[in-house]
Structures are given as structure tokens and as C-alpha cells.
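S.K.: Can you build the whole structure from these sequences, using the hints too?
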Amino acid sequence: MEKQPLLSDQGEVPKYTFPGQQHHDAQNAGANAGPGQPEAVRPSAPPSATMDTVPGYEGIGAGGGDLPPPYPGDVPVQMPTPQPLEAPWQIPSISESVAQEAFIKYASSKCCYSTKPAKEMVFTDLQAHNTFRYRLETFTESRSTNWDSEPYNGQVADAYCGVAPKPWDIPVTTPALFKDNTKALKVPFTSSVKGCHTCLGLGLTACRHCVSSGWIQCSGCQGSGTRFSSDRCITCSGRGRLRCSYCSGRGSHQCKTCSGKGKLLCFIKLTVKWKNNVKEYAVDTRSGFPMDQIFSASGEKVFSDTHPLVSPIRGFPADKINEASENSVREHFAQFSSSCRIMQQRQTIELVPITRVHYIWKENANFFFVYGNEHKVYTDDYPATCCCTLL
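Offset between the sequence shown (1-based) and the working numbering: plus 41.
Think of the hints as simulated: they come from the structure by calculation, not from any bench.
Treat the numbers as computed from the prediction; the structure is a model and nothing was measured.
One or more of the hints may lead you astray.
Derived SDA-like pairs (lysine to any residue); straight-line CA-CA distance at most 25 Å [to be verified]: (1) Lys-310 x Lys-361; (2) Lys-157 x His-399; (3) Lys-302 x Leu-241; (4) Lys-342 x Leu-218; (5) Lys-146 x Asn-171; (6) Lys-207 x Ser-379; (7) Lys-160 x Ser-185; (8) Lys-361 x Ser-345; (9) Lys-342 x Lys-310; (10) Lys-146 x Gln-168; (11) Lys-146 x Gly-329; (12) Lys-417 x Leu-218; (13) Lys-302 x Lys-316; (14) Lys-316 x His-399; (15) Lys-361 x Phe-377.
M.R.: Here's what the structure looks like:
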């Protein structure tokens, strides 16, 4: 029996496509991808050049972009006047029993550490190296717009029912302060109905596995229909081809962009992002403690200030904290005031306890650090470890 050549077997032979489909193969390549194959990213809306012009949104593209907040006017924005600060609290040093309990807990958490040094050590000195940590949080709101779409199911198209408000004129409820959040919403009076750009209004996209034929070459006989000395291939019953399992032999798939409707409701999407921007600084007490560890621990809060724009701290006993506050406040203001809307700022000072514990075990002197309210332990030279081998 003469075998019919399959479109999916041919090399450079032009494949059958739906009307106009050849211009969209690249963006549709993942629309019917098989198991384990990544799906290609398709534009969420038709090309921006084909969209209606909306006053106030001229030049908007599919990629969008952050929009600066409106100019505050002729009144210059001024930094708040710095205010003096009262004296901070003091934290008492930890006791030997607290230090030992923390060290035992630390050793117990390590699979290759013996707890003997922590239980048998003899204390020689406990040195307090408490340090101040400064933290500035600037809670900002940014807005961006881009064209988007959704399958058309009879929704109201309001593009000609009114004037679209400007991005920063649209009221949006602010979520919890100092927590990252994102909200997307349709810009009123920008919705219109368009033909689907992916399937050109057909509601179907071509199956790329069988090249729209509904059949694929049999892998058992490589399309010959026979195996092992002219025996008929039992996989395809001698036909040399199998029904395409990706499209069930239909040669096409329902368009994922329009859900088979052929039409889209296109609109301008406003994306509002709230971000808590944080800058931290800790005073290095030169105790040998790695300062990068200090930011994972908590301390006693000695100062907190929350305002739309905070003032740089002055009069704090640690000059480096005053300097860090001055630099951080000005840096955040310069960085965010022109590109975002600063909703709220908060600055705090914490006194983080750090104790350097010196001890002797088996006539060898050593030390470790206990830090934070959690009584975390840091040491880079534990005296009793074993070598674990994983088989």
C-alpha cells in the first residue's frame, strides 16, 4: 500500500496554516506545547499601534512603564527640620547561666558538634559590646500602565462613555503600611472590543506537532508501516502514522488568548505597586563580631518615629547613628521623591545586645558571641567537632 506523506514528516515543505496564521507562528509556538515543554510568552494584548488613542495615555506600549507622580506645584518640597533625641535605654549584661544555656542549645543544633564544651566550660570573662542599629523604611507607591486584554464574553465596552482619568487621579485604597503589595485594575473608559490577535478571530490555533494535519509519523516503524522483515507494524497497524495525541487529530487547538471566542476586551491596565524600601546601619564596636549577623537579630527599641517625611535624627549619643540617619533620609528622599509617591516613612533605633564570652575547656582558651534578644550564638572555632561522612 502506498504511504501518504505526512506534513509533519516533511522538511522545508510549506505547512498548512489557517488564514493569516503564518504571521503568528512565533508567538503561538507555545500555545499547544506538549508535556514538559515550556509555553512561549504571548503578548497580553494586540499591538499597541492597533489600539485606540486614549487622551492622556498617548504613546503607551504593551510593556508599560512607571509613571512619575504629579508635580506638587510651585511650592518647593522641603526636608523636615531635624529634632533632638532623648537619651536611650540601657541593657544589662547577660548572666553566665544564660550564656551557657545558649551555647548548649547552639551545639545541640549542630549534627557534628559535641555538647561537652558547652556543658563543661569554665567562664573567664563576659564582655558587653551592645551596639545600636538604625533602620529607615520608606513606603512608596508607584503606578504604571499598559494595554491588556481578556476573552470577550459580553462585558461592557466603555471606551466612548466618558473621559479616562489620569493614572494618578484614580482612587486606590492603600493597603497596610510598610508591607509590599500590588494591585491591578482597569482604567475606566478605556475598554473596547477587538479581534483576537493570536488566532485572527478564528478562535483556533494550528497544532504545531502535526502541522495541522491531525497525524504524526509512527515512531515504531518510522513511517514505513513495517518492522522486522516486512512484518506489519503493530503500533500503527501498518499505516505508518498515528493520530496526533496533542490535538486528538483535530489539527488545531482552542486559542488560549481568547478562550476560543475570537474576540478580546482590550483595556488599559493600571498596576499599583507598594514597596517598603529599607536601609539599615549598625555601629561596629570592634569586638570581632561579624556585623552582617546583627541584622538577623532583634534588639530593644529605644526610638521610633513615623511621619509622611521623617526628620534626620540629631542629638543621639552615638554620632554614627546621627550621621547614618542624615545620610539615609536624604538618600531616600532623593531616590524616591521624583519617581514614586512617598506614603510614609519610619525610622527606628534598636539597642542590640552582644556579649563576648571567654571560656576555658580542656586548658584551651576560646570565646563565642551571644547576640540579640533571641540569644543567638556565633563562633567560628568550636572546640569539639567531628567529621561526618554521608554515604
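S.K.: Determine for every hint whether it applies to the structure shown.
M.R.: Here is what the structure says about each hint:
no.	hint	in the structure
1	Lys-310 x Lys-361	violated (45 Å)
2	Lys-157 x His-399	holds (16 Å)
3	Lys-302 x Leu-241	holds (11 Å)
4	Lys-342 x Leu-218	holds (19 Å)
5	Lys-146 x Asn-171	holds (22 Å)
6	Lys-207 x Ser-379	holds (18 Å)
7	Lys-160 x Ser-185	violated (59 Å)
8	Lys-361 x Ser-345	holds (17 Å)
9	Lys-342 x Lys-310	violated (42 Å)
10	Lys-146 x Gln-168	holds (20 Å)
11	Lys-146 x Gly-329	holds (22 Å)
12	Lys-417 x Leu-218	violated (29 Å)
13	Lys-302 x Lys-316	violated (38 Å)
14	Lys-316 x His-399	violated (43 Å)
15	Lys-361 x Phe-377	holds (24 Å)
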